[in-house]
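Can you make the complete structure from the sequences, with help from the hints?
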Amino acid sequence: MTAHPDDPEEPARADTGTGAEAPDAAAPLSGQERAVLALERRSWPGPGAKERAVREQLGISPVRYYQVLNALLDDRRALEEDPVTVNRLRRVRDARRGRR
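Mapping to the UniProt record's numbering: the sequence shown position 64 is 64, numbers consecutive.
Hints are supplied without guarantee of correctness; some may be wrong.
What the hints assert, rightly or not - Pair ranges (Cβ atoms, derived): (1) 26 to 99: 20 to 26 Å; (2) 47 to 27: 34 to 40 Å; (3) 87 to 66: 14 to 20 Å; (4) 91 to 67: 15 to 21 Å; (5) 94 to 51: 19 to 25 Å; (6) 28 to 96: 26 to 32 Å; (7) 98 to 45: 17 to 23 Å; (8) 51 to 80: 24 to 30 Å; (9) 74 to 99: 29 to 35 Å; (10) 31 to 96: 25 to 31 Å; (11) 31 to 70: 15 to 21 Å; (12) 45 to 74: 27 to 33 Å; (13) 50 to 74: 31 to 37 Å; (14) 59 to 95: 28 to 34 Å.
Since the hints were derived computationally from the structure, they do not count as laboratory data. Quick caveat: nothing in here was measured; it's all calculated off a predicted structure. Just so it is clear, CB atoms sit at the ideal spot from N, CA and C, and this is done for glycine as well.
If you want it as structure tokens, here you go:
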């Protein structure tokens with residue numbers, strides 16, 4: 001039986017595209033999410049340095065890192081946590097989308 005979108009018994013859940021439920025808007029960012037934002041604040045000396053740091057410091061693959069980062073750019077909690085970094089990355093993402 002499928003729940004109807006207006007059914008009060010079954011609350012609607014946002015689809016994040018990762019198979020996981022959308023984060024609770026009231027919950028703070030996780031440690032991993034904060035670490036992703038912290039890595040994005042840094043500048044990197046050359047190719048590969050950032051990907052190496054992602055593996056060593058976060059213990060995740062660069063692909064997963066960019067999935068988490070992209071989701072954070074659309075997360076209000078990330079914008080509240082680090083507005084300068086999130087807005088800069090949103091501008092970069094929007095510029096890339098405009099070129100495609």
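Right, here's what the structure says about each hint:
no.	hint	result
1	26 to 99: 20 to 26 Å	37 Å, violated
2	47 to 27: 34 to 40 Å	35 Å, holds
3	87 to 66: 14 to 20 Å	18 Å, holds
4	91 to 67: 15 to 21 Å	20 Å, holds
5	94 to 51: 19 to 25 Å	23 Å, holds
6	28 to 96: 26 to 32 Å	29 Å, holds
7	98 to 45: 17 to 23 Å	28 Å, violated
8	51 to 80: 24 to 30 Å	28 Å, holds
9	74 to 99: 29 to 35 Å	20 Å, violated
10	31 to 96: 25 to 31 Å	28 Å, holds
11	31 to 70: 15 to 21 Å	19 Å, holds
12	45 to 74: 27 to 33 Å	29 Å, holds
13	50 to 74: 31 to 37 Å	21 Å, violated
14	59 to 95: 28 to 34 Å	30 Å, holds
In the structure shown, a violation is registered for the earlier hints numbered 1, 7, 9 and 13, in ascending order.
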